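**Student:** Chain by chain, the residues run as shown.
Protein chains: 2
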Amino acid sequence: MKKLYVVGLGPGDEQNMTGRALAALEESEVIVGYTAYVDLIRARYPEKAFLATAMRGEVERCRMALEAACGGRTVAVVSSGDAGVYGMAGLVYELAQGYDPIDIEVVPGVTAACSGAALLGAPLIHDFAVISLSDLLTPWELIERRLDAAGRADFCICLYNPASRRRADYLRRACDILLRSRAPETVAGLVRNAGRAGESARVLTLGELREAQADMFTTVFIGNSQTKKLSGGMVTPRGYRDA
Amino acid sequence: MKKLYVVGLGPGDEQNMTGRALAALEESEVIVGYTAYVDLIRARYPEKAFLATAMRGEVERCRMALEAACGGRTVAVVSSGDAGVYGMAGLVYELAQGYDPIDIEVVPGVTAACSGAALLGAPLIHDFAVISLSDLLTPWELIERRLDAAGRADFCICLYNPASRRRADYLRRACDILLRSRAPETVAGLVRNAGRAGESARVLTLGELREAQADMFTTVFIGNSQTKKLSGGMVTPRGYRDA
Chain A
1 MKKLYVVGLG
11 PGDEQNMTGR
21 ALAALEESEV
31 IVGYTAYVDL
41 IRARYPEKAF
51 LATAMRGEVE
61 RCRMALEAAC
71 GGRTVAVVSS
81 GDAGVYGMAG
91 LVYELAQGYD
101 PIDIEVVPGV
111 TAACSGAALL
121 GAPLIHDFAV
131 ISLSDLLTPW
141 ELIERRLDAA
151 GRADFCICLY
161 NPASRRRADY
171 LRRACDILLR
181 SRAPETVAGL
191 VRNAGRAGES
201 ARVLTLGELR
211 EAQADMFTTV
221 FIGNSQTKKL
231 SGGMVTPRGY
241 RDA
Chain B
1 MKKLYVVGLG
11 PGDEQNMTGR
21 ALAALEESEV
31 IVGYTAYVDL
41 IRARYPEKAF
51 LATAMRGEVE
61 RCRMALEAAC
71 GGRTVAVVSS
81 GDAGVYGMAG
91 LVYELAQGYD
101 PIDIEVVPGV
111 TAACSGAALL
121 GAPLIHDFAV
131 ISLSDLLTPW
141 ELIERRLDAA
151 GRADFCICLY
161 NPASRRRADY
171 LRRACDILLR
181 SRAPETVAGL
191 VRNAGRAGES
201 ARVLTLGELR
211 EAQADMFTTV
221 FIGNSQTKKL
231 SGGMVTPRGY
241 RDA
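Chains as they are written, first to last, in the UniProt record's numbering: chain A, 1 to 243; chain B, 1 to 243.
Heads up, some of the hints might be wrong.
Straight-line alpha carbon distances no greater than 30 Å define the calculated DSS-like cross-link-like pairs of lysine-lysine that follow [stated by the list, open to error]:
(1) B:LYS48 to B:LYS2
(2) B:LYS2 to A:LYS229
(3) A:LYS228 to B:LYS2
(4) A:LYS228 to B:LYS228
(5) A:LYS2 to B:LYS228
A few chain A residues that face chain B, going by a derived Cβ cut-off under 10 Å, partial list only [stated by the list, open to error]:
(6) LEU51
(7) ALA52
(8) VAL130
(9) LEU142
(10) ILE143
(11) ASP154
Worth flagging that the hints you see were computed from the coordinates, not collected in a lab. In this text, all values refer to a predicted model and were calculated from it rather than measured experimentally. For glycine and all other residues, C-beta sits at the position ideal for the given N, C-alpha and C.
Construct the entire structure; sequences and hints are all you get.
**Tutor:** So, in structure tokens, the structure goes:
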């Protein structure tokens, strides 16, 4: 059967990829992805065909990949992080319904929640919620409801897409919702460019996070009521009882 | 400064490890972990020292690692999956407070939410909550509150530690809580032994999940209201609007 890999590249450089992800790229004749990610790996594979589209070109990108696979070539669609977390895996499955049967294999990667957490210390050791602040495909009212629910149930929280030029104040709005149920002293963290040039991690409080700047390369962490600042890191205990 | 790596091995075999994780093991003189994980990698490094403790020996394991690092040896503490998700990273930071200053570096890995999701298709494409059903260190009332909150806010949900011999009916209890706000037809998934011998993935409904068997090698997925069964897989759309 025709073969299509959906590959999570992890954060940043090749050292963050798994052996399985490297093997899938090696086996593929065509690599399809967002321009910036394709450019990261193009030099490594001079003999392969690359197909890239700009941001928001996800549907077109999937169709190009599915057509190449139906034409008999082994194809890899690449996502940064993990392709199954706000990545391309779902769209590939959905759009594949309109094509010949294709063997789709999702190769998991290290998602930004995990790579960012590692830079901060250990913020997501206990139950956590992952929420995107992008309202492009999701009504803001639902995002707000999820933030409020996660805040009240004392989840650790990881925010993807915390801001963009169009959504400059969304992180502040999210913090205001969390401040309904969480103290301003709650430990929080900001990670930029995990695994890439300009990588940075900063531990602050939820009150300070409300005033902080974020962009599309930022991942945001908010601790639960037990999360501590330890040796400059952000650390959540394994539970609510001593072991 | 003394160096201690906390390394996520990802699921199962070496192909699922990142290059950074392999490099950290390579550099370490002492590797510390739960017996079963240490046995997975022992053969590869005949020249290294291995220190292992049985299940629930986490505190002792961390102390052995910290003492070895304070003795001047480069040490890696290994966890399966990602060391920052119900893993050893937090405990290492907490216990390190009692020792000489140590440079702790967490090397992220592919956590079971991501490796399990990849086997099912794409269940966690949209906002999701990760909840452990183990009440060893967390009161059951809080776990129940989180399940209820995540259910009502239409999060996709991933359950770690869904059952053990002592907690044989916890998955059923969790399903009953989710069924307060979710239809029994909600798409769900069960993954066993991701990346290891006996790997299996099964798509079912929340109603069927209530009757299903799980053990400590199982990861459980419950879709949101939009999650579909597609070509045998479990797929959550990118949002609630068409792009």
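**Student:** Could you work out which earlier hints the structure fails to respect and list their numbers in ascending sequence?
**Tutor:** Hints 4, 6 and 7 not satisfied by this model.
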